[in-house]
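Taking full-length UniProt numbering, I'd label the letters of the sequence shown as residues 1 to 842.
Because the hints were derived from the structure by calculation, they are not lab data. Fair warning: this is a prediction, and the values are worked out from it, not measured in the lab. Any given hint might turn out to be false.
Stated by the list, open to error - Pairs of lysine-lysine, DSS-like flavour, derived with a Cα cap of 27 Å:
#1 Lys709 x Lys619
#2 Lys516 x Lys438
#3 Lys671 x Lys708
#4 Lys677 x Lys521
#5 Lys419 x Lys325
#6 Lys178 x Lys246
#7 Lys134 x Lys116
#8 Lys619 x Lys677
#9 Lys27 x Lys162
#10 Lys677 x Lys516
#11 Lys474 x Lys455
#12 Lys19 x Lys2
#13 Lys196 x Lys279
#14 Lys645 x Lys586
#15 Lys103 x Lys178
#16 Lys618 x Lys516
#17 Lys10 x Lys96
#18 Lys523 x Lys475
#19 Lys618 x Lys708
#20 Lys619 x Lys671
#21 Lys763 x Lys162
#22 Lys19 x Lys5
#23 Lys618 x Lys521
#24 Lys619 x Lys673
Claimed, not checked - Label pairs and their in silico Cβ distance ranges:
#25 Arg494 x Glu644: 29 to 37 Å
#26 Val380 x Gly414: 14 to 22 Å
#27 Asp229 x Phe13: 30 to 38 Å
#28 Lys474 x Thr696: 30 to 38 Å
#29 Arg640 x Glu14: 41 to 49 Å
Ideal placement from N, C-alpha and C gives every residue a C-beta, glycine not left out.
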Amino acid sequence: MKIIKRDGSKVDFELEKIKRAIFKAFKSVDSTITDEKLEYIAQKIVGTIEEKFPVDHVVTVEEVQDLVELSLIDENYYREVKSFILYRAKHNMDRKVISDFTKYVSDKDLMEIISKVQREFDSQRYPIESLYFKFESFTKPEMNDKEVLDAVIRAASELTSKEAPDWEIIAARFLAYKINLEIRQEEERYDIYDFKSKIRFLTEKGLYGSYILENYSSAEIDELEKHLDYDRDDIFTYSGLDLIRKRYLITSYDGRLLEKVQEMFMGIAMHLAIPEEDKVSFAKRLYDILSTLKATMATPTMTNARKPFNQLSSCFIETVPDTLKGIYRSITNFAEVSKHGGGMGLYFGKVRANGSDIRGFEGVAGGVIRWIRLANDTAVAVDQLGVRQGAVAVYLDIWHKDMPEFLGLRTNNGDDRMKAHDVFPGVCVPDLFWKQVKNNMEGDWYMFDPHEVEKKYGRAIEDTYGEEFEEFYKKLVDDKEISRRIMPIKDMVRLLIKSWSETGTPFIFNRDLVNKYNPNKHKGIIYSSNLCTEIAQNMSPSETVSTEIVTEDGDVVIVNKTKPGDFVECNLASLTLGKLDVNNPKELEETVRTVVRALDNVIDLNYYPTPYAEVTNKKYRAIGLGTSGYHHMLVKNDIRWSDEKAHAELVDRVYEDINYYAIKESVEIAKDKGSYKVFEGSDWQSGAYFTDRDYTSERWEKLAEDVKKYGLRNGYLMAIAPTGSTSIISGTSAGVDPIMSRYFLEEKKGAIVPRVAPGLTTKTFWLYENAHDIDQNISMRMAGIRQRHLDQAQSVNIYITTEYTMRQILNVYLTAWESGVKSIYYVRGKSLEVEECDTCSA
Numbered sequence: 001m002k003i004i005k006r007d008g009s010k011v012d013f014e015l016e017k018i019k020r021a022i023f024k025a026f027k028s029v030d031s032t033i034t035d036e037k038l039e040y041i042a043q044k045i046v047g048t049i050e051e052k053f054p055v056d057h058v059v060t061v062e063e064v065q066d067l068v069e070l071s072l073i074d075e076n077y078y079r080e081v082k083s084f085i086l087y088r089a090k091h092n093m094d095r096k097v098i099s100d101f102t103k104y105v106s107d108k109d110l111m112e113i114i115s116k117v118q119r120e121f122d123s124q125r126y127p128i129e130s131l132y133f134k135f136e137s138f139t140k141p142e143m144n145d146k147e148v149l150d151a152v153i154r155a156a157s158e159l160t161s162k163e164a165p166d167w168e169i170i171a172a173r174f175l176a177y178k179i180n181l182e183i184r185q186e187e188e189r190y191d192i193y194d195f196k197s198k199i200r201f202l203t204e205k206g207l208y209g210s211y212i213l214e215n216y217s218s219a220e221i222d223e224l225e226k227h228l229d230y231d232r233d234d235i236f237t238y239s240g241l242d243l244i245r246k247r248y249l250i251t252s253y254d255g256r257l258l259e260k261v262q263e264m265f266m267g268i269a270m271h272l273a274i275p276e277e278d279k280v281s282f283a284k285r286l287y288d289i290l291s292t293l294k295a296t297m298a299t300p301t302m303t304n305a306r307k308p309f310n311q312l313s314s315c316f317i318e319t320v321p322d323t324l325k326g327i328y329r330s331i332t333n334f335a336e337v338s339k340h341g342g343g344m345g346l347y348f349g350k351v352r353a354n355g356s357d358i359r360g361f362e363g364v365a366g367g368v369i370r371w372i373r374l375a376n377d378t379a380v381a382v383d384q385l386g387v388r389q390g391a392v393a394v395y396l397d398i399w400h401k402d403m404p405e406f407l408g409l410r411t412n413n414g415d416d417r418m419k420a421h422d423v424f425p426g427v428c429v430p431d432l433f434w435k436q437v438k439n440n441m442e443g444d445w446y447m448f449d450p451h452e453v454e455k456k457y458g459r460a461i462e463d464t465y466g467e468e469f470e471e472f473y474k475k476l477v478d479d480k481e482i483s484r485r486i487m488p489i490k491d492m493v494r495l496l497i498k499s500w501s502e503t504g505t506p507f508i509f510n511r512d513l514v515n516k517y518n519p520n521k522h523k524g525i526i527y528s529s530n531l532c533t534e535i536a537q538n539m540s541p542s543e544t545v546s547t548e549i550v551t552e553d554g555d556v557v558i559v560n561k562t563k564p565g566d567f568v569e570c571n572l573a574s575l576t577l578g579k580l581d582v583n584n585p586k587e588l589e590e591t592v593r594t595v596v597r598a599l600d601n602v603i604d605l606n607y608y609p610t611p612y613a614e615v616t617n618k619k620y621r622a623i624g625l626g627t628s629g630y631h632h633m634l635v636k637n638d639i640r641w642s643d644e645k646a647h648a649e650l651v652d653r654v655y656e657d658i659n660y661y662a663i664k665e666s667v668e669i670a671k672d673k674g675s676y677k678v679f680e681g682s683d684w685q686s687g688a689y690f691t692d693r694d695y696t697s698e699r700w701e702k703l704a705e706d707v708k709k710y711g712l713r714n715g716y717l718m719a720i721a722p723t724g725s726t727s728i729i730s731g732t733s734a735g736v737d738p739i740m741s742r743y744f745l746e747e748k749k750g751a752i753v754p755r756v757a758p759g760l761t762t763k764t765f766w767l768y769e770n771a772h773d774i775d776q777n778i779s780m781r782m783a784g785i786r787q788r789h790l791d792q793a794q795s796v797n798i799y800i801t802t803e804y805t806m807r808q809i810l811n812v813y814l815t816a817w818e819s820g821v822k823s824i825y826y827v828r829g830k831s832l833e834v835e836e837c838d839t840c841s842a
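Work out the full structure: start from the sequences and follow the hints.
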């Protein structure tokens, strides 16, 4: 039996299609029908055709649908037949809309995407006529194909709402087509016909690193090309794909797109797989994780992997010494880091205070503010590859004599000569200060000059922490010969809160907590953090040893010899918890272990902007595995942020598992490639790392034994960065923060683009809570639960409203400290704009 379709073509009559149509009619009104009854009705329709129509008559689709309606009426299925009639009318409307589109759209491929959207998405929530009506409002006479496509993209994007969030994904489908269309034109222009020829072309043009072709054979590239899955472009949101297009895909020198999204992911994977014995297999594993958005590499890695200039690291931290030559060396290092797109943290706690002596001359030192202003001007002058201004966080201890001026760096009143509006201040706070705030607010706080202290006592107070610091501090308070600056504790708190309220800063670095849980305390101390407050690694200043005049090949050469300190550099990536099944141990373990191995490879593949960074990075082999999609994960597991018990149970389990798998993989790498250089004597080796965190279960005891026996590849493993841009790419919530709003509008190129919370449905809408509506004390307690499983720190924001009192803000910080949170990033008011660190986005 044949049937005539609406386009006039004759095809085989398929009974299953009738059954499906009837089944959908029942399902739409929540009715059920047995297989036997379904078969009976379908056969009844076939019998009617055979009995009622002439033998040579070929039925049409419309005639069959008429018979479906009559058969359902005969069986008294009135609700179901009504649904079928409405369904039929809707499809007739849809076909008319498709026909209407063809008046403007001549591109058959674009029409196929429109039809596919119509087929794949719920026609009630995403009616194709809504797309057409919105599109038609943007049309104008004599539009070319490009203008038509842009109008379709804009129409789909602007339809996005909290009731119909998937328009954002539909808009991305059209944007993906536009991207691939542009690339196809360039491929035809340059005779690029496959992935291999594209790699060769990009390498010849200096856009791809030669190391790819040097390490992969022609057959290996062909094998990897077969593994590319272009259907994965369909999982992006419009905002995520638009960001990739603007910032991550390789373009020609005149800005023409040359690289497809899936080629980008494969290029990154191929680069990071080079050190592996079976690099093709590992590249496939990593590609699958990156292209399905289960994890993201940090912004510098995504940007620079596969390229000739392969600076892959995000974060750098320098200890500024108390010498003129050392200060300028630190500023120069910052300039080099900024030039190559990195963010910087500068610790100024060793620099002598205003009014200190220089070479015995009393009262002549200008203090730290003038040097911070130099860092500020360097950030402005040396931008990040012309893309954005350089970014630097400056840290100072709360007991430093220059602290009051430091807290006014970015506030709106006072002497402009004491301002530095382009730096991000951070305050390093010992436990003693928080104890005083909690128990003795009416007391005094004492501030000292680090140079004077070290000159008299032969040791630096900043080199101590915990009980040793408290004893030293009290000794200085009692020493009447040591100059000091005294301020009531409540006045210091007022200065902090004033700055938080006006600028969102300073960041807070709880130095005693950090050093207490530092797994490498046998080799140093941690003074401060980086630009986003998640890195916590050993630090020390570099030291000029000598300057010599020598003769080489008849030329006079001046040689400066420098003893490198611990110049911190960290390599970041984030697991996308909103895209992973965190309740599937196999999937979580596979993802964690693959990403840890990739990050370890970054250390050996990296370009280092300064030699100091390379020395330290290869000494500790530090990585920072973090997470994004935290709030998204909670909602997927039917947990509200404020449901403290369920929230805590899930997060404690998930982060313990992540930490366990990360350490496990680092042990496996150490078996093959050896431990980091200073593993001996570390808390990892002694087992203190595990006992300090109460890791006493059977699996942890076994892992501790393996660490002791085989060593550990990476001295630092876990750090949670903000993930500002990479979470947009993944279509998930940022870092470990709650969402700011379930639905908001974003301006792009003069157009208003609606954005929605990830995975928003009628159910999840009520599970999501907006950041400013959440009790921030709960957030800090949850951060404390996460912190137990992180050997470094995390970028945690505090969200306040105008209703918050000074006491309430202070109590949130006290809760964080009492919960064991190592660092606090921004204070974010509803109307306070703060600049998220994008260089550290992981």
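Hint check, failures only = none
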